Amino acid sequence: KQEVTQIPAALSVPEGENLVLNCSFTDSAIYNLQWFRQDPGKGLTSLLLIQSSQREQTSGRLNASLDKSSGRSTLYIAASQPGDSATYLCAVLPDGSSNTGKLIFGQGTTLQVKP
Amino acid sequence: DTGVSQDPRHKITKRGQNVTFRCDPISEHNRLYWYRQTLGQGPEFLTYFQNEAQLEKSRLLSDRFSAERPKGSFSTLEIQRTEQGDSAMYLCASSLPPQGANYGYTFGSGTRLTVV
Chain A
1 KQEVTQIPAA LSVPEGENLV LNCSFTDSAI YNLQWFRQDP GKGLTSLLLI
51 QSSQREQTSG RLNASLDKSS GRSTLYIAAS QPGDSATYLC AVLPDGSSNT
101 GKLIFGQGTT LQVKP
Chain B
1 DTGVSQDPRH KITKRGQNVT FRCDPISEHN RLYWYRQTLG QGPEFLTYFQ
51 NEAQLEKSRL LSDRFSAERP KGSFSTLEIQ RTEQGDSAMY LCASSLPPQG
101 ANYGYTFGSG TRLTVV
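Quick note, the sequences are listed as chains A and B, same order.
Numbering of the first sequence is given in this note's numbering, commencing with residue 1 and proceeding in unit increments.
Numbering of the second sequence is given in this note's numbering, commencing with residue 1 and proceeding in unit increments.
In case anyone wonders, no lab produced these hints; they're calculated from the structure.
Quantities reported herein were computed from a predicted structural model and do not represent experimental measurements.
Note that CB positions come from ideal geometry on N, CA and C, so glycine has one too.
From the derived model, a few chain A residues whose C-beta atoms are all more than 10 angstroms from chain B:
(1) G16
(2) S28
(3) N63
(4) K68
(5) D84
(6) A86
Residues from chain A that face chain B, not an exhaustive set, calculated with beta carbons under 7 angstroms:
(7) K42
(8) G43
(9) L44
(10) S46
(11) L89
(12) S98
(13) T100
(14) G101
(15) K102
(16) F105
(17) G106
(18) Q107
(19) G108
The calculated label-pair distances, taken between Cβ atoms and stated as ranges, are:
(20) A:T58 x B:E28: 24 to 30 angstroms
(21) A:I7 x B:G104: 25 to 31 angstroms
(22) B:Q41 x A:E17: 22 to 28 angstroms
(23) B:R22 x A:S70: 38 to 44 angstroms
(24) A:S70 x B:R81: 41 to 47 angstroms
(25) A:E56 x B:Q80: 44 to 50 angstroms
(26) A:D95 x B:T2: 30 to 36 angstroms
Could you put together the complete structure from these sequences and hints?
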């Protein structure tokens, strides 16, 4: 059974710092991996999607990497800003669910960027 | 099309009452998903539609839960005889097939249910 874990559960950094959020998954048979952002009381916004054949994806100050064989992904945020404060969720689409699109989520990392 | 819409945003109900939530997906998305998220946890899959057909249901979806997607457009999620354990954020999402070039998962803002 696929399990997704995110460490740490919470992180507080001063503005301007570069930071890394971690995601690990137990079964390497994944179709893709996505990172989402969730603001308090709101829905999820897709940030980056990495296909299983890819190693990384970049969007602005965000860079996500994927190491399928070791079951790990990282989300790198450069030059953090207070507006980056949110919960970041990692989700995998297992190979066996590639037809359904059913995602398995981690618990999330809640990031606070202090001015 | 402005994205996935969910209604209501918040619902407070007394234990034992029935509630119904609505989700309007992105019009060209044939796949629609319902997830449930409790405080401090990631979303958990509840059920999935491809067009009007409900193709998969999680074991989390007890007999008190029913979901429909008539005509493959909007979807409703009904919870009968609500219990305090049903308190959660109910998230709807829609997508195109994962194999396609335009695959993308779009979530709505969710319906926050509080059972008192």
